[in-house]
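Mind docking chain A on chain C? Use the hints.
Chain residues, written in single-letter form:
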Amino acid sequence: MQKKTDTEVLLNVVDLAVGYDRKEKALHQDINVSVNKGEFVCLLGPNGAGKSTLIKTLSGFLKPLSGDICFGDIRLQDLTERQRAKRVSVVLTDKLQVQNLTVFELVSLGRTPYTGYFGKLTDHDKALVLRAIQEVGLGGFTHHYIDKMSDGERQKAMIAKALVQETPFIILDEPTAFLDLPAKIEIMQLLRKLSRESKRGILLSTHDLDMALQTADKIWLLAQGKSMQQGIPEDLVLSNDFKSFFERDGVYFDNNTGSFKYHSGNRIEVTLKGSGIAHEWVARALYRLGYKPVAKNSDWLIEVSSNGSHSFSLYKQSKLLATCENIQELMQKITESM
Amino acid sequence: MQGDEAKGRKKLAYMVLTIVLLLVFLANISLGSVYIPFSEIIKWMVGIELENEIWRNILLKSRLPQAITALLAGAGLAAGGLQMQTLFRNPLAGPSILGISSGAGLGVAIVVLLFGAIGGKAISHLGMFASLTIVMAAFIGSVFVLLMVLFLARKLKNNAMLLIVGIMVGYASSAIVGLLQFISSKDDIQAFVIWGLGSFNNVSWDKLSIFVPLVLVGLAGSLFLIKPLNVLLLGENYAANLGLNIKRSRLSILVVTGLLTATVTAFCGPIAFLGLAVPHLSKGVFKTADHSVLVPAVIIFGAVLALVCNVIARLPGFDGALPINSITSLIGAPIVVSVILKRRRLTQ
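Protein chains in written order, with the numbering used here: chain C, 1 to 338; chain A, 1 to 348.
Isolated chain C (complex conformation) (with noise of 0.2 Å):
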């Protein structure tokens, strides 16, 4: 059993309402979760679903129509600009568009709400600082300027500014999103991390449902017209709900593997003949192409065989048509003869 102390609620949303407008509708309404002590929650949803104006709404740049956000046993209405800050911090989309800022003055702003009227750090503040840049693994990076560095290490920057922050809870506006892949995975992982080493709630908004449902140990759906979902990903997967927040016409949510499929359409079935690695890429290559990778028998028929090298076989009922060396002339060939 755990102890008490690790699900303690950091951060609990009763019968919100966001939008931007009062006299308008809401954008969403009646929304009801939670972010728990060491908890690393994604939102995730559809492009205009909504997710900006919600971590707004929780960062408390936008007021909430109705409802309560609580941190703790606090409202956000009730504290001040300066408690706030103390409570919650943020890592934004803004692009950040200064010369001359090295990482270490840029983190060293997270520890505005506490220090004097210059701004003055103490020793303190610096070695938390420098413990910041070095957890995010910036720590050769220290005294660079962060415009001549990457879009991934920019953000590691603030992310580092967030933590020297040092509030129980931290929201970002999704940090993934223009990053290549390996700079995805790695914050991803680093931001997983922080929420389990230092017991911090972290909610972050990302358009990567793969990775989501790799890291995150909660999920919040957020879609048009839908009442928000709240849950851990496998049963959001088993429920269907994936399914119904993402799917629409040429794309469907495959349960089995977690992922996206692109739909055509009626697919001409091809069976596929073999095993191992070569297989596999084969049935990728058909399903790329509109083809049906199955196992029973067809019209078309294709033979994986993999003594050494590999070769591949095309049938056209029962007729051999070709035999090629590898799938790009596999596929040409069977383009050709459709």
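In case anyone wonders, no lab produced these hints; they're calculated from the structure. Honestly, I wouldn't trust all of these hints.
Label-pair ranges, simulated between beta-carbon atoms [unchecked claim]:
| no. | chain 1 | residue 1 | chain 2 | residue 2 | range |
| --- | --- | --- | --- | --- | --- |
| 1 | C | R22 | A | D206 | 52 to 58 Å |
| 2 | C | L181 | A | E5 | 35 to 41 Å |
| 3 | A | L251 | C | K120 | 49 to 55 Å |
| 4 | C | L181 | A | L216 | 54 to 60 Å |
| 5 | C | R75 | A | L22 | 55 to 61 Å |
| 6 | C | N32 | A | I164 | 39 to 45 Å |
What you are looking at is a predicted structure, and each value in this text was computed from that prediction instead of being measured. Ideal placement from N, C-alpha and C gives every residue a C-beta, glycine not left out.
Showing chain A alone in chain C's frame:
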């Protein structure tokens, strides 16, 4: 460690800058259309009474107040320019971006041109009284615009909108000035044009007793804005999340910059480019975005550049003094161009 290296560099830059400031101040005292031997100047400076009364008068009544005016005007405009560039996150913002100097121009135009046209007597012929009236008019004009900007700043959430309002106020003022010029006499127009050329030598000791405290208050205010300015580097959203009261900080910045710009413009006329160019120069030399370094740096650097411009304007060979506005523009414009070119290289 690179951090220590950078610190050493900053210390050195401060030291060099301070020495240069002393040197150009000395140059301002010693150079001018009347030749005074350097030994006499040194004597005068250490407090020995000079026998030549004319020299004494020139030093005390002309060169010294002029040097003090230039020093404080440069410092004030540069501090204002830095604040505007950070607040609006725009490298081409300057202290005049809020339309404050246009407001001053409008005030002066109304007094000089309109009263001249109505009263039938050119105010430029009224001597000392006129010069103080012009200062008052400029100050009232700029404070009027400042109050308008502040009022709008409370209503507008967005800094970009405020910037546009400032520029529009500038256009409107220029348009009214143009209309006034259309109906005014030649003498009055010339008086207005001369005011518009800017000058550091119209501030007598009487006026300095108002000018100096006002600028010093503004400069002291700038030092208290270091923290909010640093936080604003990250943009308003991050700044708000870090606990900064955005509206209050913006208002304080506008009041301080407004006070500095209004004061300097009222007493010296509109001085172009100094406030825009000096922050860029300082950022280039100090290689930092940290305002605890930059605010003192632009204050010293602004003073240096204004004094340099003043010396150039009075170089022997020029009859009287060249218009200071031309000199600051001639020096400032290349700096601004180089900044744009450098930016372009960075983004490529």
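*Which of the listed hints are broken here?*
Going through the list in order, the structure violates hint 3 alone and respects the others.
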